[in-house]
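*Asks:* Could you slot chain W onto chain G? The hints should help.
Protein chains: 2
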Amino acid sequence: MSDNLNILIMGGDARYLEVIRKLSNEVAKLYLIGYDQLTFDEKHVKQTTMETVDFGIIDAIILPVAGTNEDGKIETMYSDEVISLTEDVVRQTPNHCTIYTGNANAYLKNITHDKQLVALFYRDDLAVYNSIPTAEGALKLIMEQTDVTVHGSNVMILGFGRVGKTVVNLFSSVGANVRVAVRKSADIARVTEMGLTPVKLEKLEQEIVGMDTVINTIPHPVIDADIIAAMETSTLIVDIASAPGGTDFAFAKTHGIKAMHALGLPGKTAPKSAGRIIGNVLLELLRKQKK
Amino acid sequence: MSDNLNILIMGGDARYLEVIRKLSNEVAKLYLIGYDQLTFDEKHVKQTTMETVDFGIIDAIILPVAGTNEDGKIETMYSDEVISLTEDVVRQTPNHCTIYTGNANAYLKNITHDKQLVALFYRDDLAVYNSIPTAEGALKLIMEQTDVTVHGSNVMILGFGRVGKTVVNLFSSVGANVRVAVRKSADIARVTEMGLTPVKLEKLEQEIVGMDTVINTIPHPVIDADIIAAMETSTLIVDIASAPGGTDFAFAKTHGIKAMHALGLPGKTAPKSAGRIIGNVLLELLRKQKK
Chain G
1 MSDNLNILIM GGDARYLEVI RKLSNEVAKL YLIGYDQLTF DEKHVKQTTM ETVDFGIIDA
61 IILPVAGTNE DGKIETMYSD EVISLTEDVV RQTPNHCTIY TGNANAYLKN ITHDKQLVAL
121 FYRDDLAVYN SIPTAEGALK LIMEQTDVTV HGSNVMILGF GRVGKTVVNL FSSVGANVRV
181 AVRKSADIAR VTEMGLTPVK LEKLEQEIVG MDTVINTIPH PVIDADIIAA METSTLIVDI
241 ASAPGGTDFA FAKTHGIKAM HALGLPGKTA PKSAGRIIGN VLLELLRKQK K
Chain W
1001 MSDNLNILIM GGDARYLEVI RKLSNEVAKL YLIGYDQLTF DEKHVKQTTM ETVDFGIIDA
1061 IILPVAGTNE DGKIETMYSD EVISLTEDVV RQTPNHCTIY TGNANAYLKN ITHDKQLVAL
1121 FYRDDLAVYN SIPTAEGALK LIMEQTDVTV HGSNVMILGF GRVGKTVVNL FSSVGANVRV
1181 AVRKSADIAR VTEMGLTPVK LEKLEQEIVG MDTVINTIPH PVIDADIIAA METSTLIVDI
1241 ASAPGGTDFA FAKTHGIKAM HALGLPGKTA PKSAGRIIGN VLLELLRKQK K
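Going down the list, the protein sequences come from chains G and W.
By our numbering, the letter at position 125 of the first sequence is numbered 125, and the numbering carries on one by one without gaps.
By our numbering, the letter at position 16 of the second sequence is numbered 1016, and the numbering carries on one by one without gaps.
Excised from the complex, chain G in its bound form (with noise of 0.2 Å):
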């Protein structure tokens, strides 16, 4: 149950607009600050600010996807408001409040010491649903910056993970030629089977040519500065790998290829769906949390 619970969401962009419709409902109280910009109309509804709102009753705290950075700030859509979780704003909530946040960087697990933080990002299963709006939206990217259509596209897709499997199984099911650059011979067997080509990733360099697009899933530097010599003027390189992602894009720019870095696509291609997913891992949380 998690009607008898207060929370507290601390910043966040278009997806929480989901969330907190999706929470409204479920909670004893559900107190937002970062969003005086908007207006509300479900009643367990409270805008509040860090200075009126008392923590001492706070059963979990939500931060943005992000987190916070490195200083403690925390990225707002809907206020001007400078917000910070501190580490004495953590000391004034009870013990068995919980964070949960989409990332956790080195400061957040610092702070938190013996509170349960959970860093939604990190679950597989909010992994693999996020990786289906991640995937519409390299194809939404794909569709605007080429002038063919990825059906009979020659696409290679490096790496075969969370991510990577999703956007195997979209391009391939919209009539792309597939081929998937793995390292394990497990995943070679696995895209060999579904019908794929699979490269090894050593020979990456000899595979790449005749290419239209090449997607990067894998978050280390992978698509190098040899690789992209072999390419042909005319890919397209999209890396969705998280920063710093996988491409030398300074190589790729004084080389006349066209190398971008997408971050953050669930939130800009389908913030109600990539909400939607956010919110039910979480409402699944809570239900599970005591008071």
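Heads up, some of the hints might be wrong.
Straight-line distance between alpha carbons at most 35 Å, and here's what the computed DSBU-like set of lysine-lysine pairs gives [what the hints assert, rightly or not]:
#, chain 1, residue 1, chain 2, residue 2
1, W, 1258, G, 43
2, W, 1043, W, 1073
3, G, 46, G, 184
4, G, 272, W, 1268
5, W, 1043, G, 46
6, G, 253, W, 1268
Calculated directly from the structure, the hints in this document are not laboratory data.
*Replies:* Using the frame of chain G, we list chain W on its own:
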């Protein structure tokens, strides 16, 4: 063999750049009117004008996808000159001269008399190939206009012809919950066989509730006031049927429902692929053409 032919291209858009590229190596001479803002390196290509070209040596005239308007005027994207195809011009061409157009109107049929007039877009093969960039264009548009993923969204597709089938295949591949509104019992059977949900067109009013997106491919008034009135205001209508479409756009507007008439999607979304499709079919026809 087409390499002894003199071909004249009159007008055209970005798709025709790919047509020119494809044809330039396969014909004796490719004359262009309506491209004076561009330069071409291909050696068989020659830019000319209505005044200087010798229509007496032209074996085939290629008109734009739209053909001419009702006064004979031809659309040009790369020229400010006004060009027209008149009865007098047609009379100057040899008897065997074939006139290729995308679509043919009454004016064109009237002035070509005994000359062979080929309307490429009436051909089944071209219509099916062309439905690929059409469907991708609709997908791109819907991704841009909605804040949810296509995956998991409720999509009603009206019509199951050459374009409708491709749209159905694409959206179901991407993971939408696809319903297909059709009239014929054989189509209901086929939609069912595909694991999708058929809807009888006459019951559309009851079945339209809860749809995120409605895509119309039927070139008759099918989305009328009654059907629009039954929709939620959050539903998006994308009509891709040729002008005037099948939607009561005026009623949709007064009813607060977003309805878009998306025309010429192949040329907008993927001009190179769309041009390649036209070029391939043209080449096949020119190779069969007798001098």
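*Asks:* Against each hint, give a clear statement of whether it holds in the structure.
*Replies:* Hint check results:
The straight-line distance between the Cα atoms of residue 1258(W) and residue 43(G) is roughly 30 Å, inside the 35 Å bound, and the hint therefore holds. Taken as a hint, the residue 1043(W) and residue 1073(W) pair is honoured in the structure, with Cα atoms around 29 Å apart against an allowance of 35 Å. For the given pair, residue 46(G) sits about 51 Å from residue 184(G) by alpha-carbon distance, which is inconsistent with the 35 Å threshold. With a C-alpha separation of about 27 Å, the suggested pairing of residue 272(G) with residue 1268(W) holds against the 35 Å cut-off.
Distance restraint check for residue 1043(W) and residue 46(G): the Cα-Cα separation of roughly 72 Å exceeds the 35 Å cut-off, and the hinted pair is therefore not satisfied. Distance check on the hinted pair: residue 253(G) and residue 1268(W) sit about 27 Å apart at the alpha-carbon level, within 35 Å; holds.
This entry does not satisfy hints 3 and 5, going by the numbered hints stated previously.
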